[in-house]
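Colleague: In the order they appear, the protein sequences are chains C and F.
Numbering follows the numbering used here, in which position 24 of the first sequence is assigned residue number 24; successive positions increment by one, without gaps.
Numbering follows the numbering used here, in which position 97 of the second sequence is assigned residue number 633; successive positions increment by one, without gaps.
For the record, the hints were derived by calculation from the structure and aren't laboratory data.
One or more of the hints may lead you astray.
Dumping the calculated SDA-like pairs for lysine to any residue here, alpha-carbon to alpha-carbon at most 20 angstroms [to be verified]: (1) Lys129(C) - Ser596(F); (2) Lys129(C) - Trp714(F); (3) Lys213(C) - Gly592(F); (4) Lys129(C) - Asn595(F); (5) Lys298(C) - Leu677(F); (6) Lys293(C) - Ala678(F); (7) Lys105(C) - Gly804(F); (8) Lys748(F) - Ile764(F); (9) Lys222(C) - Ser596(F); (10) Lys127(C) - Gly592(F); (11) Lys276(C) - Arg695(F); (12) Lys298(C) - Asp675(F); (13) Lys438(C) - Asp452(C); (14) Lys95(C) - Gly804(F); (15) Lys127(C) - Arg695(F); (16) Lys213(C) - His195(C).
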Amino acid sequence: MMKAGWKKWSAAGASVLLSLTVAAGCSSSSPPKQEANQKEGQEPAKLQTLTYWVALSSNVAATLKSFGDMTVYKELEKQTGVHVNFQHPPVGQEKDQFNLMITGKDLPDVIEYGWTGYPGGPEKAIKDKKIMKLNDIIDKDAPNLKKILDANPDWKKQVTTDEGSIYGFPFLRGDDYLLVSKGIALRKDWLDKLHLKMPETIDDWNKTLTAIKNSDLNGNGKPDEIPLLINVGDMGGPVAFLGSFGVNYDFYQVDGKVKYGPIQPEYKQFLTVMNKWYKEGLLDPDFAVTDSKLKDAKVTGNQLFATVMSTGSGIGNYTSLVKNNIPGFKLVAAPFPVVNAGDKKLWSARTYNFSGGVAAAISTSNKNPEATAKWLDYAYSDEGKMLFNFGVEGVSYNMVNGYPTFTDDIMNPKDMSVAQAMARHVRANFNGPFVEDKRYMEQYAALPEQKDSIKIWSEPSDERKLPPVTPTSDESSQFASIMNDVNTYKDEMFNKFIMGAEPLDNFDKYVKTIESMGIEDAVKIEQAALERYNNR
Amino acid sequence: MSRSSNSRWITVGRDLKRNKLLYLMALPVIAYYLIFDYGPMYGLQIAVKDYSPGDGIWNSPWVGFHHFIEFFNSYYFWRLIRNTLLINVYELIFGFPAPIILALLLNELRRQVFKRIVQTITYLPHFISVVVVVGMLVDFLARDGVVNQVLSSLGVAPRSYLSEPEWFRFLYVSSGIWQQVGWGSIIYLAALTNIDPTLYEAAKVDGAGRWKQMIHITVPGIMPTVIILLILKMGSMMSVGSEKILLMYNPLTYDTADVISTFVYRKGILEASYSYTTAVGLFNAVIALSLLILSNSVSKRVSETKLW
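Okay, chain C solo, but in the shape it has when bound (with noise of 0.2 angstroms):
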């Protein structure tokens, strides 16, 4: 810096070399204080606001502005006076705009995301000083919590890092009846049509999907019938047709041994399938670039036999939507595919009870951090697991016979559907820092249909999937620059070969490329990550 020099310069009295002054200062100024207020917080003043950031749920953004204006908030605000600013980032935005806000030094008090999302993952967010280490404030100011994860040392196990930290207030499914919650479903209607059981195995499926292919089933007299709808975010999550051959669209274990499935042989065969599938036209040509919104168009325009979807915002929400539009229109849920009649099935869309690090941390610029985990574990009390389950007795449910009854307002709302409903009120429906209520659930998911896709999407063991394990933070930086060189590569190939525009000859090429991008160091890391959880 040539502060010295700017300031013979302005005494010189040129108005013009002033603002230079002006820009050196600025500049100057950013090197971060390190040490921002630990030792602040000594004496807590009593809590009055808090800044809050997290991303707005599309549930929520369909009605309201900010969560401020849900029932949950309001009635937390009555009950602990501490008033809550929320700052939302833009819908669709939510990754970069956290990406922007953390790099900054005034940090909201608390920020609620999913943390292993931050570069190098959770444990490096508290090394960066960006969010507190929670362990010893948890001990001390949040008993309610504490008392849950003492009580289930499995969940503790998943809120904790490999070094021993806990970073936020999480989220946690309170239920195994929470964990699953979507899969394929397909039109029982057009099934029954055709006279046809629900497919079992692959060859099932094909012959299932040529059926619906060559029957003009919704009777428009065109051939505008979609058999099959996966988009490519649904591959990589509940892992529809892939899990069928056994491997997952990214790391696995089988007997602790940790592999990478898109380079695995049984990936090759799934592709196969795919690719004739493509071909024959039973898989949407628009496969890749299908969105939600498109998606629904599709179910909803009484086109799409079979897609992936979660009992709720699919089954659900479908089937209150076109209830007056296409008589017959039924929905169920379809078990998992199976390569031969018998075969184990091995893969859901089953989630952790705590998964993807969802949990509101408290950031380093806040002040309060005693009396913010105070208020942050109220929603692990009995009457706050009321409140951010169920929000308010006589607003947004009634007690019948000791039952936590949603209101008609909620499960028989006008112009909105019951997701969007729900979430004017309480955060059960999609996920937030409180222990989420079976109860919610057995409500929210009303249908048989419904009921019976949860159990027809548990059917599979999981047994390879991998837990929430993390990378050191030594090791993220050298993970993180594989996989996103991987991560690219593998989705472009994988629409290539599914769409024959690469031939499935050249798998092996294609192994050999991922090879040379060094995957085997990344399945070494997550290896080391996974003996690490287990060793927790």
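Add chain F to chain C, keeping to what the hints say.
Modeller: Same frame as chain C, but now just chain F:
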């Protein structure tokens, strides 16, 4: 500061005093550049550092050329260079001459009313936002869009053009021409009015037809303008309109559509590899600068026109 330069500053000071209103008016402009263009350059240093948000720009450790080397060795390096250059070369070959040709054609029109109408129609698209233009492209080129409907009535099988890599460059460049051709021609039309009419009369006396007049008078007359614009274009070769590509591309067309600036956006903002992408961006800027200098010196040699 030495003695002799001190006296120099005194003269500068006097000049400042004399023209203080002029300098005052320049002040906002200078401040703008300092704050928004030169100030942020301070952050460029993270290209040779391992930037972490916690340590800040100043305290992050130095890593030298690590990120540059990583980029040069990246699987995507050549694809990015190829795409960036190819899209620009296509724009140069097809996009750059288009407004010149339009201006020359308009110049030949005798009916003023007709000329005005053509001009207005061709430069209207310039005022449409890129977002809207890409929205139109997406709609028109969708599988059930108007283009496919027209083509299928002619017996051509429908396809989704925006998800096929081989169509991307064509669509990008041609939609760009459609949008900018009229607007770009204005400057050439202005240059045309500067040509001395007596030249045309002399040519007519010598028996030159319309074609000969265009080749020998009109074209050389606007040549200086053409060359200046060409040099400027060379300078922005590496910085293709990333906004439009970001809006137009999808993972299916990365193969031909992904350019350095979109890569920087994806890796930098979405995947938070700040240092790496700063290095990539800096590399991009260096190439752009060399292209500008190169084209300027070539132009200096082959013609009299130059930027500096």
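Colleague: Need the status of pair Lys748(F), Ile764(F): alpha-carbon distance at most 20 angstroms?
Modeller: 25 angstroms, violated
Colleague: Compare the distance between the alpha carbons of Lys213(C) and His195(C) with 20 angstroms, and conclude whether the hinted pair is satisfied.
Modeller: Since the Cα atoms of Lys213(C) and His195(C) sit roughly 15 angstroms apart, the hinted pair holds (cutoff 20 angstroms).
Colleague: Would the hint linking Lys298(C) and Leu677(F) be met if the CA-CA limit is 20 angstroms?
Modeller: Holds, at roughly 18 angstroms.
Colleague: Would you mind confirming whether the straight-line C-alpha gap from Lys129(C) to Asn595(F) stays at or under 20 angstroms?
Modeller: 13 angstroms, holds
Colleague: Are the Cα atoms of Lys298(C) and Asp675(F) separated by 20 angstroms or less?
Modeller: 17 angstroms, holds
Colleague: Quickly compare the C-alpha distance for Lys213(C) and Gly592(F) to 20 angstroms and report which way the hint goes.
Modeller: Measuring from Cα to Cα gives roughly 58 angstroms; hence the hint is violated.
Colleague: If you draw a straight line from the CA of Lys438(C) to the CA of Asp452(C), is it 20 angstroms or shorter?
Modeller: Given that 20 angstroms is the threshold and the Cα spacing comes to 15 angstroms, the pair holds.
Colleague: When you check the alpha-carbon spacing of Lys127(C) and Arg695(F), does it fall within 20 angstroms?
Modeller: This hinted pair is violated, its Cα atoms lying about 51 angstroms apart.
Colleague: Straight-line Cα separation of Lys276(C) and Arg695(F) no greater than 20 angstroms?
Modeller: 18 angstroms, holds
Colleague: For the pair supplied as a hint, Lys222(C) and Ser596(F), is the alpha-carbon distance within the 20 angstroms limit?
Modeller: Judged against 20 angstroms, a Cα distance of about 62 angstroms means the pair is violated.
Colleague: Take the C-alpha atoms of Lys293(C) and Ala678(F), compute the straight-line distance between them, and say whether it is at most 20 angstroms.
Modeller: Roughly 15 angstroms between the alpha carbons, so the hint for Lys293(C) and Ala678(F) holds.
Colleague: Regarding the pair Lys127(C) and Gly592(F), is the alpha-carbon distance no greater than 20 angstroms?
Modeller: The given pair, whose Cα atoms are some 13 angstroms apart, holds under the 20 angstroms limit.
Violated hints for the displayed structure, listed by number in ascending order: 2, 3, 8, 9 and 15.
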